[in-house]
Amino acid sequence: MIDRSFIGHVFDPFTVEVEKGRIRFFARTIGETNPVFTDEEAAHAAGYASLPLPPTQLFCLEMDGPDPFLFFNRLGLDFARLLHGEQSFAYKRVVCAGERLTFTQKVADIYDKKNGALEFVLRETAVDDEAGRRVADLKSTLVIRNS
Amino acid sequence: MTHAPALAVGDIFATLELAPVTRTQLALYAGASGDHNPIHIDMDFAHAAGEKDVFAQGMFVMASLSRLLTANVPLTALRSFGTRFLAMTHLGDRLTLTATVAELFEAEGEQRMRLDLAVRDQNGEQKLAGAAILALTSQNS
Chain A
-14 MIDRSFIGHV FDPFTVEVEK GRIRFFARTI GETNPVFTDE EAAHAAGYAS
36 LPLPPTQLFC LEMDGPDPFL FFNRLGLDFA RLLHGEQSFA YKRVVCAGER
86 LTFTQKVADI YDKKNGALEF VLRETAVDDE AGRRVADLKS TLVIRNS
Chain B
43 MTHAPALAVG DIFATLELAP VTRTQLALYA GASGDHNPIH IDMDFAHAAG
93 EKDVFAQGMF VMASLSRLLT ANVPLTALRS FGTRFLAMTH LGDRLTLTAT
143 VAELFEAEGE QRMRLDLAVR DQNGEQKLAG AAILALTSQN S
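These protein sequence lines map, in sequence, to chains A and B.
Position 127 (the first sequence) corresponds to 112 in the working numbering; numbering is contiguous.
When you read off a place in the second sequence, starting at 1, and then add 42, the result is the number in the working numbering.
Hints listed in this document are in silico derivations from the structure and should not be mistaken for laboratory results.
C-beta: ideal position from N, C-alpha, C; glycine also.
Straight-line alpha carbon distances no greater than 16 Å define the calculated EDC-like cross-link-like pairs of lysine to aspartate or glutamate that follow:
#, chain 1, residue 1, chain 2, residue 2
1, A, LYS77, B, GLU150
2, A, LYS77, A, ASP113
3, A, LYS124, A, ASP94
4, A, LYS77, B, GLU152
5, A, LYS77, A, ASP122
6, A, LYS5, A, ASP49
FRET-style restraints, in silico, Cβ to Cβ:
#, chain 1, residue 1, chain 2, residue 2, range
7, A, ALA75, B, ALA50, 23 to 31 Å
8, A, SER132, B, THR179, 46 to 54 Å
9, B, PRO80, A, ALA116, 33 to 41 Å
10, A, HIS29, B, GLY52, 31 to 39 Å
11, A, ASP97, B, ALA129, 19 to 27 Å
12, A, HIS29, B, GLU167, 40 to 48 Å
13, B, ALA61, A, GLY6, 22 to 30 Å
14, B, ASP158, A, SER132, 28 to 36 Å
15, A, THR0, B, GLN168, 33 to 41 Å
Some residues of chain B that are not near chain A, with every Cβ distance over 10 Å (derived):
#, residue
16, ARG65
17, VAL143
18, GLN153
19, ARG154
20, THR179
Start from the sequences, fold in the hints, and give me the full structure.
Quick look at the structure:
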């Protein structure tokens, strides 16, 4: 069972640089066809300062901290039994390459169902820009299969 | 400023059929995303975990689903995007992505549209269910 005393725990924030190359690689990998994500001229023409970050890539940058799997390791989450249950993004504004974002992860809840056969970890991540202004809020529900 | 053509509740906003899921896609997604969870890319690990084979990252499917949004509205119109992962996506699955207009409403001074999102495989099994909120008009424009 996951230690319930982690409920409410806030991890040390970490800062990640949004890189053009990572955006292009990600966009090509998911079959993205809108040129704003790969061609800087197209991005400028659309009014962006540089390549904008695709909608789900904030979740990926969350694993670009100094210890990518710190959250999973601290809670003792085993990849062999881990599933992603839900994911949501609430956007305040568009993020572009060249920005530095700070991620603050919180264990919002831990609970179980089916007499502990399934455990759920709700993680809430606040993403702020260099001025300390919120750019997005992420929520992840992680599921651990214990049987 | 209007970001999307006039649509009514129940209309199909966008749909997309993807090519069958391949090992190469999952490996590239692991690299591109930074999510190196071996259960999606290492068959030995998947077997040891009791799975028949590797299976797709849920976030790879969600990222594919985002293309319905990025192909049709500017990013600046996207207010929220969320999905529940209902079933594993396996190698060879042919996914159909659909966004349907679920609600037109006003919030925070702008006209908004809620889309219902669904991903189904070749057998009709639903893999993801989700929603996105788009701004149709903005006070600032």
